[in-house]
Amino acid sequence: MKLGDSNYFNIGGRLTLTLALLIALIVIGNGLVILQFERARSRTDRLTGVSQQLIAALRLQESLRLFHSQLNELVQSKDVHRFTSEAGRLSTTFLNQTHLTRRTLAYLGPEFHPDTGFLMALHSMEVTLPLQLRYLTNMATAGDWEVARLHLDNELNRIETITSAQVKSINQDLDEELPLAVAQMRDAQRRVLFIVPATAISTVFIAALFGWAVARRMLEQRMGGTPG
Amino acid sequence: MGKRVRALAVFLLGMALVGCSQSPPEPITLRYSYAWLEDTPQIRSRLQQFTQETGIRVKAIPIADASREYVEIARKVLSDSSGPDVLNIDLIWSPLLEPNLIDLRPYLTPEISQLEPQLLASYTVNGKLVAVPFNATMGILEYRSDLLREYGYDHAPRTWTELETMADRIQQGERAKGNKDFWGYVWQGSVSEGLMCNALEWQASAGGGRIIEPDGTISVNNPAAIRAWQRARHWIGWISPPSVLAYTDVDSMLVFDAGRAAFSRVWFLTPITRSAHRGQRGWRSVRPPVVETGFSRMPGGVAGSVATLGGAGTGVSMHSTHRQEAIALVRFQLHALMQVGEHDGPALVEFPDALTAAPDASSTGSSQTASLVARPSVVAGDKYEQASKVYIDAVHSVLAGQTGAAEAAAELEKQLVTIIGFRTARPTTADKTAERDP
Numbered sequence: 045m046k047l048g049d050s051n052y053f054n055i056g057g058r059l060t061l062t063l064a065l066l067i068a069l070i071v072i073g074n075g076l077v078i079l080q081f082e083r084a085r086s087r088t089d090r091l092t093g094v095s096q097q098l099i100a101a102l103r104l105q106e107s108l109r110l111f112h113s114q115l116n117e118l119v120q121s122k123d124v125h126r127f128t129s130e131a132g133r134l135s136t137t138f139l140n141q142t143h144l145t146r147r148t149l150a151y152l153g154p155e156f157h158p159d160t161g162f163l164m165a166l167h168s169m170e171v172t173l174p175l176q177l178r179y180l181t182n183m184a185t186a187g188d189w190e191v192a193r194l195h196l197d198n199e200l201n202r203i204e205t206i207t208s209a210q211v212k213s214i215n216q217d218l219d220e221e222l223p224l225a226v227a228q229m230r231d232a233q234r235r236v237l238f239i240v241p242a243t244a245i246s247t248v249f250i251a252a253l254f255g256w257a258v259a260r261r262m263l264e265q266r267m268g269g270t271p272g
Numbered sequence: 007m008g009k010r011v012r013a014l015a016v017f018l019l020g021m022a023l024v025g026c027s028q029s030p031p032e033p034i035t036l037r038y039s040y041a042w043l044e045d046t047p048q049i050r051s052r053l054q055q056f057t058q059e060t061g062i063r064v065k066a067i068p069i070a071d072a073s074r075e076y077v078e079i080a081r082k083v084l085s086d087s088s089g090p091d092v093l094n095i096d097l098i099w100s101p102l103l104e105p106n107l108i109d110l111r112p113y114l115t116p117e118i119s120q121l122e123p124q125l126l127a128s129y130t131v132n133g134k135l136v137a138v139p140f141n142a143t144m145g146i147l148e149y150r151s152d153l154l155r156e157y158g159y160d161h162a163p164r165t166w167t168e169l170e171t172m173a174d175r176i177q178q179g180e181r182a183k184g185n186k187d188f189w190g191y192v193w194q195g196s197v198s199e200g201l202m203c204n205a206l207e208w209q210a211s212a213g214g215g216r217i218i219e220p221d222g223t224i225s226v227n228n229p230a231a232i233r234a235w236q237r238a239r240h241w242i243g244w245i246s247p248p249s250v251l252a253y254t255d256v257d258s259m260l261v262f263d264a265g266r267a268a269f270s271r272v273w274f275l276t277p278i279t280r281s282a283h284r285g286q287r288g289w290r291s292v293r294p295p296v297v298e299t300g301f302s303r304m305p306g307g308v309a310g311s312v313a314t315l316g317g318a319g320t321g322v323s324m325h326s327t328h329r330q331e332a333i334a335l336v337r338f339q340l341h342a343l344m345q346v347g348e349h350d351g352p353a354l355v356e357f358p359d360a361l362t363a364a365p366d367a368s369s370t371g372s373s374q375t376a377s378l379v380a381r382p383s384v385v386a387g388d389k390y391e392q393a394s395k396v397y398i399d400a401v402h403s404v405l406a407g408q409t410g411a412a413e414a415a416a417e418l419e420k421q422l423v424t425i426i427g428f429r430t431a432r433p434t435t436a437d438k439t440a441e442r443d444p
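Read top to bottom, the protein sequences are chains F and Y. The working numbering puts the first residue of the first sequence at 45, with every later residue one more than the last. The working numbering puts the first residue of the second sequence at 7, with every later residue one more than the last.
Incorrect hints may appear among the rest.
Said to hold, decoys possible - The list that follows gives simulated cross-link-like pairs (lysine to aspartate or glutamate, EDC-like), each with its CA atoms no further than 20 angstroms apart:
1. Y/Lys82 to F/Glu170
2. F/Lys122 to Y/Asp187
3. Y/Lys65 to F/Glu220
4. Y/Lys65 to F/Glu204
5. F/Lys212 to Y/Asp45
6. Y/Lys134 to Y/Asp152
7. Y/Lys65 to F/Asp219
The hints are simulated quantities; they were obtained by calculation from the structure and are not laboratory data. Since we're looking at a predicted model, the values are computed, not measured.
The whole structure should be built from the sequences, with the hints applied where relevant.
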């Protein structure tokens, strides 16, 4: 029998089916294992995203506190010239931090959806802070430092409260996400521990069957072809 | 062999089921955005109750609430499904946010019939009800009742002239006692919607029209409106602090609550249902002051006392992926608001003549009426943002002494005609004003 002969690969219908089953089993088994890893990866990515988001929110909160405290110092100084020259710089520094936070969120990839409340708080700060600064500058220019102080405390406390609420909310997300991720990992581990041995055992079993059948067929052919 | 193949197929199927089975779905969570000032324990408690009754979770997202800034944020976040499912909007922004909000009329028909029609009109854009009232407010005058008694006044000022006289006298008296930072009257003069509301009240009460009339005519360039602006300009440095031009709603309230002013214009919560309106009660929207205060309608001119209508409504995002649940939340909240009659306010006071055109004999003997005026947001449609901006800028420049009132009114009229495209007209009351005012 030559390699070019059309019957060279003919092992019979049943053996062909067994071979196909063997290949299917290997492919499905490996596919299921990859699926478990993919799910686990997705969950850990989400967990990493929430953690990174929390870190970004905490950094922003700290910057906001610093901005409030430095602005408060300027108002306490009751020096219009100093206020007008330094308040703008403080605002720019803080707004740079908000842009940095946005970039951090963007780096987390398109699959990660940042917290809507946090994004809205960011929008809120970017839009309202320059305006608040304008009001404060006008009050400072008019010499009404007491109202400027009240305004600053009221508005910045309000923004700080919103930011704190968002940090709390993200922290809560993380608290919810962590046990889910752990559960998903355990689940994946349990499934992999089932799929891998099951695939291995059944593959070995079918391969053994297949080998035995092929050997038997070859033997039969040889016996049938040799005069007794 | 057939049995073996079948057993193998069952085995493979079982393996696939174990490997592909999904975790149970997470419960639906609605995102609800509203202004920071609305973030009260009452609203939080209502949301918790909604979750308990329906199993739908609600994530509250309070954001900064300076009116103009809120609309900018709302427009950004409503552009796709990543934004809030439900959100509160200021009634003046209904036309601007209309494309991103669903029509609530088909879903809330029984509830709508019980709501105050004037409020609904502010949320209706081209026949589409984009939001239902969450609260309703009106401009009123808050005064130091202890000081009024001390200085021999038995009633709140009914006219602007009376306000000036009383504010000046109390201010002088308090300063003589050593309270050097005391002022007669504080209000909202910053470049914001607050100034729009104040200026509309001055202008309309003087008979100068309502900026853009319901018939689509523009009325700003007339003697009554000009005189009203000049009067307000005169207050600055006399009975109102120079920094009033930077005051927002909260600033004037903080100054008043600190005991540094005799009169203050504030927003007052008022019921949203037809039946409760007849009860005519109101609530101060923020914590009560430490000083002893009373409330009265805004002082009036020849056209009577005018209060600007304010408030917020709740709408559902067009891009919400949980539309039915969002509508359920709006319905639940509306029922709660209608049932309690907004007894959420911390300082309940009886406030007669709040909304109705009730006759009131002033000390001068002339007849006055109190009327509620809406800003021209619906009639101006999506041009309102631009129209209100040029109006606010014009009034602010007059108050700051940068432009003369007549010059600013003429320029403003031109700008409004260009922006809106309506014709100009002289309000009918303006002629009477010119005849009667000295």
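Consistency of the hints with the structure:
1. Y/Lys82 to F/Glu170: holds (13 angstroms)
2. F/Lys122 to Y/Asp187: The given pair, whose Cα atoms are some 16 angstroms apart, holds under the 20 angstroms limit.
3. Y/Lys65 to F/Glu220: holds (14 angstroms)
4. Y/Lys65 to F/Glu204: holds (19 angstroms)
5. F/Lys212 to Y/Asp45: Holds, because 16 angstroms separates the two Cα atoms, which is no more than 20 angstroms.
6. Y/Lys134 to Y/Asp152: Cα-Cα ~48 angstroms, so violated.
7. Y/Lys65 to F/Asp219: Answer holds: Y/Lys65 to F/Asp219 is near 16 angstroms, not above 20 angstroms.
Hint check: a violation occurs at hint 6 only; the rest are consistent with the structure.
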